[in-house]
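The listed protein sequences derive, respectively, from chains A and B.
Once you know that position 186 of the first sequence is 186 in our numbering, the rest is easy, because the numbers rise by one and skip nothing.
Once you know that position 114 of the second sequence is 114 in our numbering, the rest is easy, because the numbers rise by one and skip nothing.
By construction, these hints were calculated from the structure, which means they are not laboratory data.
Some hints could be false.
Unchecked claim - Only pairs whose alpha carbons sit at most 20 Å apart, straight line, appear in this in silico DMTMM-like list of lysine to aspartate or glutamate:
1. A:K300 with A:D362
2. B:K297 with B:E249
3. B:K125 with B:D99
4. A:K2 with B:E96
5. A:K92 with B:D99
6. A:K2 with A:E89
7. A:K2 with B:D99
8. B:K102 with A:E89
To be verified - Some chain B residues judged to face chain A by a derived CB distance under 10 Å, without partners named:
9. M51
10. L54
11. L71
12. G73
13. C77
14. I79
15. G80
16. V82
17. S83
18. L88
19. M92
20. P103
21. F104
22. Y105
23. A140
24. S143
Stated by the list, open to error - What follows is a set of in silico ranges between Cβ atoms, one per label pair, in the way DEER data are often shown:
25. A:L5 with B:A290: 52 to 58 Å
26. A:L60 with B:S194: 55 to 61 Å
27. A:S126 with B:R126: 53 to 59 Å
28. B:G30 with A:L163: 49 to 55 Å
29. B:D188 with A:A9: 37 to 43 Å
30. A:L163 with B:D188: 41 to 47 Å
31. B:S303 with A:L175: 51 to 57 Å
Just so we're clear, the structure is a prediction, and the values are computed from it rather than from any experiment.
We put the CB at the ideal spot given by N, CA and C, even for glycine.
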Amino acid sequence: MKQILHIFARDVRRLWVEILLSLVAGALFAWAIPKSWVLGPPSIGNPYRGIVDLLIPLLLLSWGLLIARLIHGEVLVGDRQFWITRPYEWPKLLAAKALFVALLLYLPFLLMQVAILLQAGFNPLSYIPGLLYRLLLISMVFFPLIGVAAVTSNLVRTVLTMLGVCVVLVALRSLEYFFHLAVLSQGNNGPVTYRYVQYGEPAAIATALLLCGVAVVLLYARRRVLVARLLLGSTPFLVLLTYSICVRIVSMDRIYPPAAQTEPSVIRIIPFEQDEASRVAAGTWGASEQGSFYNVDAKKWATIKVRLRASGVDPGDRWQLNAFRPALTPAHGAPLELDWQEGQEVFEAPGASGQLNYVVVDFLIPRSDYDRLKSSTLTLHLDFALTQATPARSWRFPLPEGNFTIPDLASCSSREIRPRSTLEITGLICRYPLRMPVMSLTTFPSKGPCAAAPVTAGDPAAGNSSTGGDFNTAPASFGISPMEDGLSLSFGTYNSVSGTPTVESQLPRVCLGTPLVVTQYRKVRAVQTGVTIENFRFGD
Amino acid sequence: MNLAIRTESLRKRFGRTIALDGVSLAVPEGAIFALVGRNGAGKTTLIKLMMNILRPSAGSAHVLDADASRLAGRGFCNIGYVSENQELPDGMTVGELLDFCKPFYPRWDTELAERLVAQFDLPLKRRLRQLSRGMRMKAAFVSALAYRPRLIVLDEPFSGLDPLVRDELIDSLLDLAGETTIFLSSHDLAEIESLASHVGYLEEGRLLFSEEMSALSARFREVTVLLPQAAAARHDDPAAARAAWIDFEISDSAVRFVHTQYQEERAEREVAEAFPEARGILFDPMPLRAIFLAVAKSERSRSRLAQTNARTVTL
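Just chain B, with the same shape it has in the complex (with noise of 0.2 Å):
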């Protein structure tokens, strides 16, 4: 399998602050790659070193099979990136940016263009600093597809985009799907769950998970075991239940957890032998925004475990 985008053990640091703590991730060639994550939690920062906008503390970064440590000039002739933060050059109108970009690619088809200015109904004439929010991203757009390029790299283009834009841009994107890879990172995930085929998720400068869409559905289970009243508080320990199973609930007459290891038949095993009086075990497939719920409640339950661990034996 061909890696348009790989990275080992990347790790940033701004003075005392960890951005990304040892990052490997691995997107194929062809994949519409969904880099998810609260605000802050190390998105940008993961683009910018691939970008080469940042210098990685440790760790490295390919893309399109280059070291992102030196890639520069022509290196981003194969490569479309936007940003929501982007300053675009806002002293030209749209049409003197697309002028000026097309030099620079050998491979800038001109129809390309035009065709994507009709469909974003961009004023050509207009200076960028005079376009709304969403026009100047539709600019932007059409600068880093024209190309062609083999990789897009989008952060954030969605936000804060009324879903019309948010819609028309997502239609162009897929136009492009299959002759080029896309790696976007987003925190809605409702946007990406249409059009992502791989994700991953990064949590305090961690990559927790990356893998196709269609894997992490499929092994991801809300589970529901209905107990008898007295045997539910027996239940009531998580460190007790397996490394697999997180976000514990538990009621009355109920344990509910997510399974992230979900394998049928070895699964409705495992629970039933953990829970013996269970009355009845239920296995629901989860939306990815219940997965990613989870797996952040988890992590952060974990994370605060981890630091009252430490405080304890610091005293």
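Isolated chain A (complex conformation) (with noise of 0.2 Å):
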């Protein structure tokens, strides 16, 4: 212990300034980050956007410039060094310059989190297990820069072998997206497969960290400079191999897990039949040219749609289509069966006036497939992939003027237009601390004057609704601020609920203080279910 100190304690004398220009930057960050919330969402004009933008990179760089600065005390890389013939022991002194990290990196980084936490009115200790997962997140940062700078000889090289993995990432990058392009010029865009992503990130992230670790050990240990080079060059193909191979071998069934046909408490879903004469009608379900799929070239694919509706959703619950697969027999011939399909859709109970949502999925078959099957009668079976998600807890207020907080869900400000001099809200965006919020839900009086006076009276229950956040398991996303922009409320907007408005001209615009209810939702399960509709034929 009395080493680890001793270096610990050199270290910190050596580079007080670059510790010190690293907590300046970090306090800065934490002092300008809430003032940039002022004026409400990221918005144009506030100036201390502009600081925390210049901010971001000044932080990097001071981690980059402290993490350099620490390593090359002892450079690893050489035969000349000083400190290889003294008496150092390799854990003691990797003790020590991981207790530097931990106390002059990690610890700075947690309280700015606090700090801003704090700030935005959130209590941090409602957020610990999220805020040590963000502390693994950012290991994201520093292992890397460790990594390089554990195979560099100083600084110059540091910086120049940074510069070159930027290069080579911009230049992947580069490539992947005319590679896109050239895959779109050819409309080969076809179907994108569902993949569990979930599985596929936590497997990346522990591959980085420990191939970065690996290898900065084996430099401490044995100063094997040419294996941790070679294991640090291929941590970026290892990890898209480990994310491409988790996604691909999870199993659909472990993560959904079939329901039981009888079980009374899972959603049925059937097909959206308004009479029973349009049964086999054109239009109730069928194939479009110009589906919802961008990109696609109609010589080579066709779009099926399919309307849907549920029973048995619990009023109150939400049922989020996750994915789904399609099978398509016919009387004679080969089946035609696809893999599963990312959806996005929400099934929920019918709304208060009685009348019937249904929601669209719809696939692409290849143009070929659809030539063959389209004088056949066919059976269509679909299974889903669903996450039940129930209210946990409800807010209702009346929406204030500014910025206001939803305690332990969210910091919100209304989205304000101005036609004619006159003030309409038309949703709320919302910043969120460490991840998006499990699923929360606003309703409004769908009726109502707006105009400057507040609305006092309506049910908000009766009204619209808007959804939003997900159901990442995850404590955190990565970030550097712990308060995150990007959830959306418009009061009005809804997925594929028939009659719902999508053009902004035609959203309902709310007042101030017109009453508001936020739901959270929480996640119930997630289960695997079907549907096999008979006699199901294209239409034009």
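Build the complex: two chains, separate frames, hints provided.
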């Protein structure tokens, strides 16, 4: 321990300027970021926004400089270093460096997160798992910096290596972009297979941290520079490989266990039929050459749309369709079985008016299969991977002016427009701590005057709704600020609910003082179910 | 006899280049061992293998009874290593360097450190990067001697230093001689002649000899054989000479060579037998420099001859 503290103290004395720079940059960031929220959502003309934008690269640079100078206190590359023939014990040297990183990089980062959360009106103690997970995620910045510093002999080489890494990443990104463009130009952009990415991300993070960690330990223990360089150089590829393998090998049956047909609490999805006469009529379900898929060559692909509705949804519950898998079986000939496709629709209980809502799922099939099957009567089987959510908490309050905080959920502000000098509010933009809230819903009166005067009457439960958020189980997402922008709730927009306006000019407006209900959902379970539609025919 | 350093068939390759070729060396405790050889002979490589800075391709080295390939951490508490190419922590002052080193060594002698600092006239508050080469080397010496190591390993320590600094450093080493083993490499023969008790000679990665200085001086003699003019021409074939005779020079009336296994009576008899027409035979002691030159020249011509023979066989 004595040797660890001795080396640590020497590093602190030696690097006080770099430490001061990184602490000042962190403190400035923690000071500036709440001020950048003063005028509401990311706004043009807020000078603090510019300061924050400058501080982020400054913060990254100060961390990079501090890490490089720290590691180069005992250079690991080469055979002329003073320290390699001195009684340094490598575990203690590594521990001294780790102590430095923990106390002067991770701890200030954590304090910065806490300070920003407090300023945003959130109690950091409620977010301890998220804060700890955020520390793990910021290791994705620190560890590669440590790795590059460890395999280079001085600051200039570290900077050049980092620049080289950036150039390679940009080149790969450009290559991917041009490849994507080439694919699009050929109209080959077919169905996108659903991947359960939540299994890939932790595996990719773990792989990256493990490889960087092993490379650094190898360097300290054995000074195996070549092996460490190979390990670090192969890290991006191995991370991608791990991610790719993990999202492919994960079994949908494991993530979404099939529900028993007789299970009463499970949603039943059935075809949407306005009346029996329209059962086989074109338009109820069928094919479209101009579907919702972009950049698809209609000569190669046909879009099949199916209208569906749900029964057995408890009032207030929401069933999010994460993925679906279609299979088309003709009376004669080979069936067409497709892989899991990504879905984004939500099934909910019928509205107060009793009107049936439907959702449309659409998917691509090869034009050759479409031509083969279009004259047949088909059996369409759809498997669904669904997430059930139920209301956990709700807040009811009149829409206030400016920024306001929904306790433990988000910090929001109104999205305002001022047509003809009147204030109209079309939605909310919220900042949330550490990760997107599980799911939230805003309801409001769908009718009423929209002038400067507040609405005082009305039943919010009867109004329209808007949803946001996801069911990602990670307690935090990657970022430097613990408060993230991005949850946008528009009054009245809703993905595919029949009859809902989607054009901005048609959106309902509310005014200051309009009662709102915000509901946070919690995930109940993930489940797999299905529906078989007999006598299915493609429409026009 | 206890050995401070022992290497057995030590070999080091860098790609296709053989830097060290089967070096077996023994350095007794308490010796001042000078490893000499030309630039590129493999001296620094040998030292780096001993200090576990490099890993051997084959063979083994033991330093203070420890396997050199495992030398690390506390193993260096008894070893002081200074190299002309060492990268010192330049951002530190001399005082900070010594203060930083002190807790690493249980046997750190503050009094000795202070004495050496005073002896070398080292400015404690100057940063190492601001010091001259000589001053930096002195600082490195203090940081390597102040804990009274059992073994001091110096790689070209006096290279490029002015004579005054060199003498100061040598004096500091001699002060510790007896209680410590000193192993130093150099290509400056003059500087080690007054210092070393043992000497080893490395040529193209091979150790040509390694022995006490007195024994070396005793076994090398420059032999001058005075001959009648006609007789000298008959001795122009070095291959005809004995293996222990090297570096032949033949003039009109004399043959000169170096006897590498000189023993007074036997050598005189052998030479007399080889040159029966000799008018006189002189055996002169050789300075170290002359010994190394003779060995180096002989080794080079032997090497060239071997290459020529190899080429001939190939053809």
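For each hint, the structure was consulted:
Annotation: proposed proximity of K300 (chain A) to D362 (chain A) holds, straight-line Cα distance about 16 Å (limit 20 Å). For the suggested pair K297 (chain B) and E249 (chain B), the alpha carbons sit about 12 Å apart, so the restraint of at most 20 Å is met. Between K125 (chain B) and D99 (chain B), the direct Cα distance comes to roughly 12 Å. Compliance with the 20 Å bound is thereby established for this hinted pair. Taken as a hint, the K2 (chain A) and E96 (chain B) pair is honoured in the structure, with Cα atoms around 17 Å apart against an allowance of 20 Å.
Under the criterion of a C-alpha separation no larger than 20 Å, the hint pairing K92 (chain A) with D99 (chain B) is consistent with the structure, at around 19 Å. As the CA atoms of K2 (chain A) and E89 (chain A) are separated by approximately 12 Å, the hinted pair is consistent with the 20 Å bound. Restraint check for K2 (chain A) and D99 (chain B): the C-alpha separation of about 14 Å stays at or below 20 Å, so the hint holds. Annotation: proposed proximity of K102 (chain B) to E89 (chain A) holds, straight-line Cα distance about 15 Å (limit 20 Å).
The closest approach between the C-beta of M51 (chain B) and any C-beta of chain A is roughly 5 Å, which is under the 10 Å cut-off, so the hint is satisfied. Nearest Cβ of chain A to the Cβ of L54 (chain B): about 7 Å, under the 10 Å cut. The hint holds. Hint on L71 (chain B) holds. Least Cβ distance to chain A is approximately 9 Å, under the 10 Å limit. Proximity of G73 (chain B) to chain A holds as hinted, the smallest CB-CB distance being about 4 Å (cut-off 10 Å).
The beta carbon of C77 (chain B) comes within 5 Å of a beta carbon in chain A, closer than 10 Å, and the hint placing it at the interface holds. The criterion of a C-beta within 10 Å of any C-beta in chain A is met by I79 (chain B), whose closest approach is roughly 7 Å, and the hint holds. Against a cut-off of 10 Å between C-beta atoms, the interface hint on G80 (chain B) holds, since the closest Cβ of chain A lies about 9 Å away. Taking 10 Å as the C-beta cut-off, the interface hint given for V82 (chain B) holds, the closest approach to chain A being about 9 Å.
A distance limit of 10 Å between C-beta atoms decides the matter here; for S83 (chain B) the minimum to chain A is near 7 Å, and the interface restraint holds. The interface hint given for L88 (chain B) holds, since its Cβ lies 5 Å from the closest Cβ of chain A, which is under the 10 Å cut-off. Below 10 Å, beta-carbon pairs count as interface contacts, and M92 (chain B) has one with chain A at about 8 Å; its hint therefore holds. Restraint check, P103 (chain B) versus chain A: the minimum CB separation of about 5 Å is within 10 Å; hint holds.
The interface hint given for F104 (chain B) holds, since its Cβ lies 5 Å from the closest Cβ of chain A, which is under the 10 Å cut-off. Below 10 Å, beta-carbon pairs count as interface contacts, and Y105 (chain B) has one with chain A at about 7 Å; its hint therefore holds. Hint status for A140 (chain B) relative to chain A: holds, with the closest Cβ pair at about 8 Å, below 10 Å. A distance limit of 10 Å between C-beta atoms decides the matter here; for S143 (chain B) the minimum to chain A is near 9 Å, and the interface restraint holds.
A hinted range of 52 to 58 Å holds for the C-beta pair L5 (chain A) and A290 (chain B), which are about 56 Å apart. The hint said 55 to 61 Å for the Cβ distance between L60 (chain A) and S194 (chain B), and at roughly 58 Å that hint holds. Distance hint check: the CB atoms of S126 (chain A) and R126 (chain B) are about 55 Å apart, consistent with the given range 53 to 59 Å. The given range of 49 to 55 Å is respected by G30 (chain B) and L163 (chain A), whose C-beta atoms sit roughly 54 Å from each other.
Separated by about 41 Å at the C-beta atoms, D188 (chain B) and A9 (chain A) satisfy the suggested range of 37 to 43 Å. Hint check: L163 (chain A) to D188 (chain B), Cβ distance near 44 Å, so the stated range 41 to 47 Å holds. Evaluation of the 51 to 57 Å hint for S303 (chain B) and L175 (chain A) yields a pass: the beta carbon distance comes to about 54 Å.
In the structure shown, no violation is registered for any of the earlier numbered hints.
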